[in-house]
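Student: Below are the chains, spelled out letter by letter.
4 protein chains.
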Amino acid sequence: MSAFRIPVRVYWEDTDAGGVVYYANYLRFLERCRSDWLRSKGISQQTLAATRGVQFMVLAVNIEYKAAARLDDLLEVSCEVEPEGRTTAIFHQQIRREAGSAEERELLVDARVRVVCVDAKTLRPQRMGEYIQ
Amino acid sequence: MSAFRIPVRVYWEDTDAGGVVYYANYLRFLERCRSDWLRSKGISQQTLAATRGVQFMVLAVNIEYKAAARLDDLLEVSCEVEPEGRTTAIFHQQIRREAGSAEERELLVDARVRVVCVDAKTLRPQRMGEYIQ
Amino acid sequence: MSAFRIPVRVYWEDTDAGGVVYYANYLRFLERCRSDWLRSKGISQQTLAATRGVQFMVLAVNIEYKAAARLDDLLEVSCEVEPEGRTTAIFHQQIRREAGSAEERELLVDARVRVVCVDAKTLRPQRMGEYIQ
Amino acid sequence: MSAFRIPVRVYWEDTDAGGVVYYANYLRFLERCRSDWLRSKGISQQTLAATRGVQFMVLAVNIEYKAAARLDDLLEVSCEVEPEGRTTAIFHQQIRREAGSAEERELLVDARVRVVCVDAKTLRPQRMGEYIQ
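From first to last, the protein sequence lines stand for chains H, C, F and P.
Quick note, in our numbering, the first sequence goes up one by one and the last residue is 1354.
Quick note, in our numbering, the second sequence goes up one by one and the last residue is 1354.
Quick note, in our numbering, the third sequence goes up one by one and the last residue is 1354.
Quick note, in our numbering, the fourth sequence goes up one by one and the last residue is 1354.
Looking at chain H on its own, in the form it has when it is part of the complex (with noise of 0.2 Å):
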């Protein structure tokens, strides 16, 4: 099990008043990367609604602020997903900022994100084993 990962710049969109990013705003970043590993494995969220009426919901976020980004700093988000179940999947996630050495890159935000996958009217439970592997 290898980690994804992708690029994030911060932007002022992305800070607050305190000089810092918005603590809401990192859960975009997760999302992004999420979205980037589906496509990367070949799946459109929009295809997936539209033929087989199947999407992914956000069930439940656990995650730790250990240290911020500020603006202008270039992230890296990563993801790695844990089966669990049939209809469920744990998103092992963290943020870290880019920096030299991968020594040095200092890790920001660590996350833990419960996603089930349902029949988008009914919202029941599907089987995420077809889509994802």
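Fair warning: there could be bad hints in the mix.
Copies of the same chain look alike in the list, so a pair counts if it works inside one copy or between any two.
[Claimed, not checked] In silico lysine-lysine, DSBU-like type, Cα no more than 35 Å apart, as pairs:
1) 1287 - 1342
2) 1262 - 1342
3) 1287 - 1262
Just so you know, these hints were derived from the structure itself, not from any lab.
All of these numbers come straight from a predicted model, not from anything done at the bench.
Once you have looked at the hints, place chains C, F and P on chain H.
Tutor: Relative to chain H, chains C, F and P alone:
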């Protein structure tokens, strides 16, 4: 033609690292006012979409930033609608900082928002007068 | 320990293409409630930062999504604070959909937010009890 | 005067319940392009603020919405700067949907953004030419 007004509080989410409200977020405040104005006339955008297949789309925004809003500020957002043709309307909107007297209320934002009424499926313009007066 | 509550209206800005409120935006609603709770106690976060050099930072969020909020929904966001040690506190927060009676108010979101009080410059933990009681 | 361009992916966070990108969020895309343009010239807005006490503020935006972007769309955002007086500049910006050939790239948004260079403390206009050329 008298203006419809709503109060809007500035929270951390609205600000950026410059210590003031991020420029795009004033458009969110403007939209809240337009939605509440429709609601005040008994118009539910969800019902309109579901039963009549009609929705409103912004065609253009001209916005001038006169002064900046800050964290914790209590703002007053206004809108006055000016019909324009059969399918479009112009919303004249302002954002002021609340203060003691009316004279003291500093003008922060002056905007002109052009909106069209469309069929939600075909996106073809519809007569707005049937829904808004 | 009784809960502090605020109403929150759902606007277009809060929703996503799934037709419901975007998962990160519930954290904005939670923060509005914590800020208004401080305001209700006469505490201005801006004044606190300017005069005492103190601010609050979120250390961790555990959030469970039970049901989705939709456009135009009127929500009720609550917070109850539980002191934890000298420098941190836990906010127990819920988001419910407003309806007729208290019994009908559907629980949408259940969250636990851990906050620390820090010196704004050094980021060293400060005694929270001097500012919040 | 040739345009500077960046790619922007549309994520769930950018969309609203209408199934398209929320109208205020295009202004975030425009700002990302202006910030990356400055970065491409070796200008760090943080350094400029810290060492020269100078920052850029948006005075006005004229934006026309021609067509809507959707979830998963890959967009191209451009900016071309036109000096205007000593302290202000006009950014001509466009957002297009990426497609096969240049001819097919549909124009979604056409905008004109007026920016002023100010002293971060006094907010008095500063000569922009010393920082941007």
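Student: Which numbered hints are broken by the structure, listed smallest first?
Tutor: none
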